[in-house]
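Colleague: Chain Z is already provided as a structure; the job is to place chain E on it using the hints.
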Amino acid sequence: MNTVRSVLQTAVAISLAFLVAALFILLQRSSPFEVYMALYEYGLGSWFSFTNTLNASFPLILTGLSASIAFSSGVVNLGQHGQFLWGALVAAVAGVYLKMPGWFGTAFLAVLGGLVGAGWAALAAFFKRKYRMDEFISTLMLNFLAEYMTLYLATYPFLDPKAYVPSTRMIRREYFLASFFDVNLAFFVAVFMVFLSWWFLWKTWRGYEARMMGYNKLFATVGGCDVETDTSLILILTGFLSGLGGALLILGGTQHRFMKGIGANFGWDGVMIAIMAQNSVVQTLFYALFIGFLKNGAVGMEFETSVPSEFVMFLQAIIVLTLVGARSGFASLSDWLRARSELRRLMK
Amino acid sequence: MVPVLTQLLHAALSSATPIALAAFGGMFSFHANVFNIAMEGMMLMGAYYAVYGAYRFGHWAYGVLFALLSGLVLAMIFSLFAIVLKVDEFITGIGINMLALGWTTYSLRATFKVKGAFISQAIPPVPKLRLFLIEKIPFLGEVLSLHPFPVFVAMILTFVFHLILYRTAFGLRLRAAGEEPVAVASVGLSVRLLKFWSAVLCGILSSFAGVYLSLGYVTLFSENMSNGRGWISLAIIILVRGKPVPIMLMSIVFGILENLGLLLQRYAVPPQFTAMLPYIATLFVLYSYARRSSST
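Chains as they are written, first to last, in the numbering used here: chain Z, 5 to 352; chain E, 32 to 327.
In isolation and in its complexed conformation, chain Z is listed as follows:
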């Protein structure tokens, strides 16, 4: 019953968001119908579009997962962007200079990227633990530092002199991730991480502690959880997921090199996905696919209509706000109705 209601709510909210966006498209003197058709055609319309959408969503799944696990444990990790960038940069650089047998090298680079992301998040964990610095601001500031540091490394020491924008050299061909029926292996790795995370949260005692911490930190402390250690652990774990996302983008994406702006908006998209998914790991998978669909469809939208692809960024924000607004609105409305009927009952 509850699932049915929440699915219904979500469907209503997303339709509402598309309606609001349609108004803006009309204001631009384009046809919303054409725009949405193009979005569908290029996002889901054919096997080619469909696999492209899957390939576009694996970084989103991982950053979304990172944010979801952190938020559901009451840890405010907003550092996905920086962790992602570091994972990508180190995988890209190591992929140029290290020589390893093919499949082992790929796996090694992916794990290495994850570990570097974890290391960057561990800085925030260290600040929190040692100096009691709030991770909310420290992870944010670390994003800016990561942005500039990776850009420096790609602009000076590891620059590919033949590139037009600051970027590193292309990684060795033997490290490229293979595709199965046009779906990149990176996508399967991301989905596997979703299952692994679900298992961690619901089947292990550390995961149980993390969830309790999310419900009520005081309760968790009184119940005997080592909240400090758990917080650090979650920060490092979620950093690993973001870093892995960055490394997979190098190994399984289309560029195979670190370039300026490669992190795009994956960090904040992950945060938005977690918010839409109400921090549930399974829902995160679906919302990441949804956002991936929008992003991939946006390219087609630009081809077919006069609406630029940047519109999707705005559409995404509208969808998030409408979704959370509608959810919260439904909840307070039903509370109000219940209170009113209760009052009536008492008055009789």
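Please keep in mind that the hints were generated in silico from the structure rather than gathered at the bench.
Only a predicted model underlies this, so the values are computations on that prediction, with no experimental measurement involved.
Using N, Cα and C, we set each Cβ at its ideal position, and we do this for glycine too.
Treat the hints loosely; a few may be bogus.
According to the in silico footprint, chain E covers these stretches of chain Z (three or more CB under 8 Å from chain E) [claimed, not checked]:
#: 1; segment: 131-138
#: 2; segment: 149-159
#: 3; segment: 275-287
#: 4; segment: 317-324
Between beta-carbon pairs, the in silico distance windows are [as the list claims (entries may be wrong)]:
#: 5; chain 1: E; residue 1: V184; chain 2: Z; residue 2: F290; range: 42 to 50 Å
#: 6; chain 1: Z; residue 1: T233; chain 2: E; residue 2: P158; range: 55 to 63 Å
#: 7; chain 1: Z; residue 1: S284; chain 2: E; residue 2: V35; range: 50 to 58 Å
Modeller: Relative to chain Z, chain E alone:
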């Protein structure tokens, strides 16, 4: 040495202005106990509409008008979600920031047909003011004079806001709404209305900070040009617990650091490293804050 120092302080006041203005906005939310983190987005939106208005109508005053209106609209959206629909304030703030980033990036492309940045000779910047008499004072005059007017607005507002917060009924009620909402409600005042006003002030001040970014500091609009200044303001507000005068002082410290970075660039330090200084400073500020609050 002295010319370098005057230059540094002159530039520091300039860089401090957007941070201070946005922090003043967030300060009202802070006192009303609204966790408003939308300063970044409001600033960005203000910066865009300042350029839009000034470019379309050929006068900087239209830029200011459009920017303030855009800030007001975002404040309304924030209030609709956080106060009326009771969405989590943190989530609303992130949503608003994304909305502003998405909308300005899209608008830049759709309206001006450019990607990345819009630069034009036809954008009128806000005028720079000379100060009579003060200008003549040797060191102080050089530091204080010849700034775009929002710099002076920010300085004056520091004291005005101090008075408003601690000497007026509105300030008292606002702070009470944050600390003891039940008490405020019991004397017949609406806590939600006070929270709404704090959001409106935040929108107006943050978007005015945006005006300074795109029409004062430089004369252009580029994607995501607020570049974390809203977050730095938030850190400052938390650090000084929302007091106006310390907010201004801390902003000047950040201004000095930002320009120290530019100064270091002359000595062949790569720009990527000097650009990091404000963020490192924020981390350091957080560190000293945690130190101080754990010792008391």
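Colleague: Against each hint, give a clear statement of whether it holds in the structure.
Modeller: Here's how the hints hold up against the structure:
1. Judged by the Cβ-Cβ criterion of 8 Å, the segment 131-138 of chain Z is covered by chain E as claimed, because 5 of its residues qualify and three suffice.
2. Counting residues of the segment 149-159 of chain Z whose beta-carbon sits less than 8 Å from any beta-carbon of chain E gives 6, enough to reach three: the coverage restraint holds.
3. For a cut-off of 8 Å, the count of residues in the segment 275-287 of chain Z with a CB near a CB of chain E stands at 3, and the three-residue condition holds.
4. Coverage of the segment 317-324 of chain Z by chain E holds in this model, with 7 residues showing a Cβ closer than 8 Å to a Cβ of that chain against a need of three.
5. Restraint check, V184 (chain E) to F290 (chain Z): a C-beta distance of roughly 48 Å satisfies the suggested window 42 to 50 Å.
6. The hint said 55 to 63 Å for the Cβ distance between T233 (chain Z) and P158 (chain E), and at roughly 57 Å that hint holds.
7. For S284 (chain Z) and V35 (chain E), the Cβ-Cβ distance of about 56 Å falls inside the hinted range of 50 to 58 Å, so the restraint holds.
Checked against the numbered hints listed earlier, the structure breaks none of them; every hint is satisfied.
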